[in-house]
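A.B. asks: Sequence:
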Amino acid sequence: YRTIQALSKQGVNVGFQMLDSAKDRPERQGSLETSIEQGLKAGAKYFEIYQADIKEQKNRTLFEKLDKKLR
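The numbering of the sequence shown is the working numbering, which starts it at 1 and goes up by one.
Calculated from the structure, these hints are not laboratory results.
Be aware that a few hints might be false.
Derived lysine-lysine pairs resembling DSS-like cross-links, with alpha carbons at most 27 Å apart [said to hold, decoys possible]:
hint	residue 1	residue 2
1	45	55
2	58	41
3	68	58
4	55	68
5	69	41
6	65	45
7	23	9
Full structure from sequences and hints, please.
C.D. replies: Rendered as structure tokens:
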């Protein structure tokens with residue numbers, strides 16, 4: 001994580017890929033919101049998020065906020 005943060009501060013584009021779907025396998029992925037927050041703190045410029053999570057209506061506000069932060 002510290003290495004990723006350091007690379008981001010050096011201008012390297014950092015992205016995060018979710019381990020699994022937070023909807024389908026929460027015990028493996030954990031909270032989608034927490035995962036995104038950690039990625040943003042590390043300087044992520046993009047995220048790869050599972051379709052099952054994207055389709056969840058309850059995540060809409062989370063993705064709208066993420067969109068604003070990444071712009």
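A.B. asks: Look at each hint and say if it fits the structure.
C.D. replies: Do the hints match the structure? See the list:
1. 45 - 55: Holds: residue 45 and residue 55 sit about 21 Å apart, inside 27 Å.
2. 58 - 41: 23 Å, holds
3. 68 - 58: At roughly 18 Å apart (the allowed maximum being 27 Å), residue 58 and residue 68 satisfy the hint.
4. 55 - 68: 19 Å, holds
5. 69 - 41: Holds. Residue 69 to residue 41 sits at ~11 Å (cutoff 27 Å).
6. 65 - 45: Between residue 65 and residue 45 the Cα gap is close to 14 Å, so the pair holds against 27 Å.
7. 23 - 9: 32 Å, violated
Checked against the numbered hints listed earlier, the structure breaks hint 7 alone; every other hint is satisfied.
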